[in-house]
Amino acid sequence: MKEIERLKDISKGRDDLEQLLNNTLDIIKACEDLESVTKARISILGKKGTVAGIFKKIPEFPYKDRPLLGEFGNLLKKVAEQELDSKEKQIRAAIREKKLAGLAIDVTLPGRGKPLGRRHILNMTIREIVSIFLSLGYRVIHGPEVELDYYNFEALNTPTYHPARSLQDTFYFKRDDPVKDSRDDVLLRTHTSPVQVRVMESTKPPLYVISPGKAYRRDEIDATHSAVFHQVEGFAVDRGITMGDLKGTLEVFAKKLFGEEKSVRFRPHFFPFTEPSAEVDVSCFACDTAGCSLCKGVGWLEIMGCGMIDPNVFSYVGYDPEEYQGFAFGMGVERIAMMKHGIDDMRLFYENDVRFLRQFHV
Amino acid sequence: MKVSIEWLRDYVNFDLEPKKIAEILSMSGTSVERIIEQNVGVSGVVVARVVHLFPHPNTSNLKVAKVDDGERLREIVCGAPNLREGMLTALALPGARIQGFGSPIECASIRGVKSDGMLLSPSELGLSEDASTIAEIAGKVSPGERIENVVPFKDAILELEITPNRPDCMAIVGIAREISALLDVDLKMPVATFEETGPDINNLIAIEIQDKQGCPRYTARAVTDVRILPSPLWMQRRISACGLRPINNVVDITNYILLELGQPLHAFDLQLISGRKIIVRKARYGETITTLDGIERQLDSQTLLIADIEKPIAMAGVMGGENTEVTAATRNVVIESAHFDATSIFLTSKRLGIRTEASSRFERGTDPEGTAYAARRAASLMKQLAQGDIAKGEIDIYSRPWQEREIKLRGKKISVVLGIDIPAEKTRRVLERLGARVEGNDDLMVAAPSYRGDLEREIDLIEEIARIYGYDKIEDTLPPGGGIASGITRTQILTETLLDTLVAQGLTEVITYSFMRVSDLDIMRVPPEHVLRRIPVLLNPLSEAGEAVRTTLLPGILRVAQINQSRGIRSLALFEKGRVFYLDGESSVINEKDSLCIFLSGNVAPPSWIEEDRQCDFFDMKGLIENSFEFIGVRDLRFEKGSFPWLLEGRSASVLVGSREIGYAGQILPEIGESFDLDGEIYVAEMLIDWLADMPGETVQYRDVGRFPGVKLDIAILIDKSIEAGRVLSAILDSGAKHLRNVRLFDVYEGERIPEGKKSLAFSLEFASVRRTLTEDEAFLEVKKIIRVLQEKFGAVLRGKTPGAGENL
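Protein sequences appear in the order of chains A and B. If you read the first sequence in my numbering, its first letter stands for residue 4, the second for the next number, and so on. If you read the second sequence in my numbering, its first letter stands for residue 649, the second for the next number, and so on.
If the Cβ cut is set under 8 Å, some of the chain B residues that face chain A in the computed set are:
1. G677
2. S679
3. L1066
4. A1114
5. R1115
6. D1124
7. G1131
8. Q1140
9. A1152
10. G1154
11. E1157
12. R1215
13. L1220
14. A1253
The set of hints was computed from the structure by calculation and includes no laboratory data. No residue lacks a Cβ here, since even glycine has one placed at the ideal position from N, Cα and C.
Put together the whole structure using the sequences plus the hints.
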């Protein structure tokens, strides 16, 4: 600061001026609050203050000293003003800081309000599966859970004496009127596949449909069986649909659901309503095809059944199998959720312990 | 089904590890569930002949056998009942090592006689479970031969899952044929040639088929003067490896051929057949038979029976009878090799609850052309292994001969279905390897073999080609997709969003079984004629708890709450969306609709460091229903005082949308809660949501919310306690007051300074115009209108001053 250097220069060798300068600076320095700043301001710059005192005394000095004294007074005024302003600013900043510090809270305390709920893990799984097919251009259609024998079995090319049709595996309803034709028997659907027939019966191709829902089998309930379970059915009927399309579609699906690094394979199998038929395996989550206890040494986990829709099914719904071809697939939602999340007991899904349900998230 | 790889190699040549062959089979549709490696470690065991037998000097339970081990005679102590002079058996020499024995076999003194080695049982050799006899070795073998040259100990057993369309694969030869097609190598069929040295079969037995529908073919052969012995070790080993129990040579031969060819056979003791006549007929009401498993079975008129002139002797295709069983005393044998109707055997097996190796093959359809061959093969083995004389000729009643079917296979269709081109030569070769007769070049005429009843149509052949050629060779492609028709419907969006808003308000979704006990409705005090009583009842429930499908979601959600309460979780906010089912009026049609059930109990939020605990109440329930429905654009949602038998009178409401009653909400009767082992105040609601499908699909049209500040005025009125607040609110909205933008009820008060039988309601009214700033005076005029209406309708008295002016009304 040039001014301060000059003031020191002027007061050099003159005790009275030197003392005046030092006193003034000391007073400012000693200020601790706004009140003392105001006081200091008055005592230095006020009408009866230090600076005024200097100018008042100038006439008492010889001419030659007067300009220097005038300069001293002006500089002191300027310096004092600057110092006081800066001091005041400092004090104000300190006050503000102190005030804000008092507002501090413990941000690690728990947040307010009630926690959100959860969708059931089975429905979250269904939503994930369905959304993949929506992105491939499918639509969602739901079907009835109470079905006629015709839709559940016959129109799906399942012969009258197929083991699946027996009382042991299917829930039938009591009826007052005796049913002459077994096709009119009313039952709880044993799979979601009847939706295929219902949709094809009422709609012309092209069809790209995904249909999630409940299905029922007369299984005693244990860790791996449930009388009520969920399936997702899907099918596509169009001109020129090939088995390559089926493979490509399910490969995309399986990789999206289980991870792109997974391998997918198609194993020939048998279903009454598809021909050729296949089971789809995905490489084991734990061992990646090496074989382990999760996959029982096979290296692969079965995730779904599929195939090209049998021409007999088309003939039930009045499609010309020479004009249209299609594929269909179906998967068990519980099984997929169990594989994905390492759940080892199917009953957990239906027990609904909220601590179980709340573990899962989107 | 279990298949021995060592056995498979009799019919097809391959040099692949068990794991590799299992993978090839799995990837062609014959799923291998498990590979069981067998490797019984034996060394130092040789074939020995029993030369002399004499009693043990110190015990009657044991004998001392002098045996020839090929070099010298040894004395061995042994107690097996089948020990006899002249037999060949397995001898463990001193120092021999046998798996399962901790240390090598040593010379030991048994009850004072030194045994110079040990004779081994089939069990000790790892051949079968039989530990009570010593192994009997048949065939052209000399003493001193190492046992591993006589019986193969190293093998791998494949456990296969055979799909119901492939009965031909329930046979070793069938699997060998698959391998022959997959590896493109030749299949060698087992031989069945012999000389007929016995009497004419027609002099021994006659066959009569009365039920030609049930038995389209019956082939019989007879073998006389058989010697019933244990079957040779190799046969015992193969049968055991495939999961059957060796019995004696004749019975084992029938089982061996069942496993080998998939044709079930039965052997009768000829002497025990009355009248020397076999009759195939339906059982008569009241007839019984004791089957080989010792169980006496009641027969009905649908059961196909094998009988003689007096009695039933076998349940056709399922199990033989004890009365004609082949035993140690049997001399002459009749071999039955028949083709039975698959459905008939399936139904019998289901009805009686018996499933056997035979029935599981017949019910899927055996090879109608294969019976005579199987009978010949059995006869030849009985001659070879039981020293029998094969009777001259066979009886073969084939009333409905199999017809070869020609199927047209277009080369183009193969690529249209699979999406790839397969060389015509490859197609032809695959089909031929599978046993089909093929003619033509690009378009083929294919005659499927008699053992492949599943090959009827072009598509069936295409599947065969694809699975043998390999699904992995089909290139992955993607179809175009549904275009404009794809996506989810408005109703699906509304439903999912509705459920998501419940989740956003803290509710957790549950899923329960769709079943119900009828008595749950009694607990809920549902009256007899109530709609919830139109219950569809199941014909064959698993248990009483699942005797019907549910007409309401409430019992299910109460049980979920009970499970959680019993685990110490008392504050619960749950919902379930699921189908309910009910019989439609007079008809027996079962309707199903989507229903939504909500359950609240305990505190609204977990205990907090910052907020007071609060118990949930009716208005939590009402608020969250209102929020969720408002969010998806449902208008005219109303709650009216309602009465439901399972709810507390005075704390229950009907839920309406417009004039449609969609369900209820309220506090459950404490006694009903207790019946479900629940305590505390419980609020429930259940609403049908099927009507979401009928909601008009309106697009919201923008409304100017106004930039000009409104005027807010509060009024409090005194009215009869019995007047519902909802009616007052509606009256204010319908009062015709202009510029009324918003009405909010902010206080309800009864008690001090309020006259008995009265209550005070306080409303905050907001008036505003979209065009200009409203003056207070304009608002006061409208408030006066409202107050007048409330006076007229409800006899309301204004509390305190009129807002603004202060003039009297």
